[in-house]
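1 is the number of the first residue of the sequence shown in the UniProt record's numbering; add one for each residue after it.
Be careful, since some hints might not be right.
[As the list claims (entries may be wrong)] Once the Cα atoms are required to be at most 30 Å apart in a straight line, the calculated DSBU-like pairs of lysine-lysine come out as:
{"no.": "1", "residue 1": "Lys142", "residue 2": "Lys47"}
{"no.": "2", "residue 1": "Lys47", "residue 2": "Lys111"}
{"no.": "3", "residue 1": "Lys111", "residue 2": "Lys89"}
{"no.": "4", "residue 1": "Lys233", "residue 2": "Lys142"}
{"no.": "5", "residue 1": "Lys61", "residue 2": "Lys47"}
{"no.": "6", "residue 1": "Lys47", "residue 2": "Lys202"}
Hints are computed from structural coordinates only; laboratory data are not their basis.
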Amino acid sequence: MAFPQAKPQPPQLPQHLLRTIDCHQGAVRAVRFNVDGNYLLSCGSDKSLKLWSVGRGTLLKTYSGHGYEVLDADSSYDSSQVCSCSSDKTVILWDVATGQVSRKLRGHAGKVNCVQFNEEASVILSGSIDGTVRCWDTRSRKYQPIQVLDEARDSISSLKVAQHELLTGSVDGRVRRYDLRMGQYTGHKMKGYKLDCCLSNKDTHVLSCSEDGHVYCWDLVEGSLSLKLPVGKAVVQSLSFHPIETCLLTAMEGRVQVWGAQPEEAEDDTLAT
Numbered sequence: 001m002a003f004p005q006a007k008p009q010p011p012q013l014p015q016h017l018l019r020t021i022d023c024h025q026g027a028v029r030a031v032r033f034n035v036d037g038n039y040l041l042s043c044g045s046d047k048s049l050k051l052w053s054v055g056r057g058t059l060l061k062t063y064s065g066h067g068y069e070v071l072d073a074d075s076s077y078d079s080s081q082v083c084s085c086s087s088d089k090t091v092i093l094w095d096v097a098t099g100q101v102s103r104k105l106r107g108h109a110g111k112v113n114c115v116q117f118n119e120e121a122s123v124i125l126s127g128s129i130d131g132t133v134r135c136w137d138t139r140s141r142k143y144q145p146i147q148v149l150d151e152a153r154d155s156i157s158s159l160k161v162a163q164h165e166l167l168t169g170s171v172d173g174r175v176r177r178y179d180l181r182m183g184q185y186t187g188h189k190m191k192g193y194k195l196d197c198c199l200s201n202k203d204t205h206v207l208s209c210s211e212d213g214h215v216y217c218w219d220l221v222e223g224s225l226s227l228k229l230p231v232g233k234a235v236v237q238s239l240s241f242h243p244i245e246t247c248l249l250t251a252m253e254g255r256v257q258v259w260g261a262q263p264e265e266a267e268d269d270t271l272a273t
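Starting from the given sequences, assemble the full structure and let the hints guide the process.
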């Protein structure tokens, strides 16, 4: 006798606030998990970049070297290096352990909105309001970019590196896909406003920031709204999904919130002050 298979449970979404970290660095412009999700990076309007423990909410290191607010950051595959970008038009490569600037890269004509390593952390890719994506060799002694992608007709608002492909979003209304090995690309039209968004760790949902103080979680298959997460009464400026676990970071004003699928025990809920 055949028994019917159990209906698969829908994937869980992070909706329980685990802790709030007061970053003390002005407005938090971006928040990012590192590669294994044990640490987070917060980018401040006070020109600082900070490294935090996700589990304890404690400050581990402050990185100072930008001349204006920090807009984005990324951690290398082994967490030994961090790259960041700023309204000061520069990209900085940091040594995580010492907190020192390894390289300061100049070449963009305006503020740099987004930055990311390639998978091997041999190249940093940065997107700017000047409409270009610049590719920087992290191991070269030269300070000029190894390639400049200048097809966009307006500001580069976001970029994503996946294997050997690069996706860029531009205010000109297009998403462009580049093959980093072949130098080829294709363009796709994109309607709507630019929002900081990300995929869940299992690629089942896309999560989006909002000016109304919520994070919206959409089912990728059905296209339906699965969760409207109330974060606060201000603009949700940035978010980042844990690479493995059901855990979400959100940034609002000067705080970072850590969200999980289940509430934690009270003694583990540590607030950073």
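So, going through the hints one by one against the coordinates:
With a C-alpha separation of about 26 Å, the suggested pairing of Lys142 with Lys47 holds against the 30 Å cut-off. Between the alpha carbons of Lys47 and Lys111 the distance comes to roughly 13 Å, so the proposed pair stays at or under 30 Å and holds. Of the pairs offered as hints, the one joining Lys111 and Lys89 holds, with about 4 Å between alpha carbons and a cut-off of 30 Å not exceeded. As the CA atoms of Lys233 and Lys142 are separated by approximately 46 Å, the hinted pair breaks the 30 Å bound.
Restraint check for Lys61 and Lys47: satisfied, since their Cα atoms lie roughly 14 Å apart, inside the 30 Å limit. Between Lys47 and Lys202 the alpha-carbon distance is near 34 Å, which puts this suggested pair outside the 30 Å criterion.
Violated hints, listed in ascending order, are 4 and 6; each of the other numbered hints is respected by the structure.
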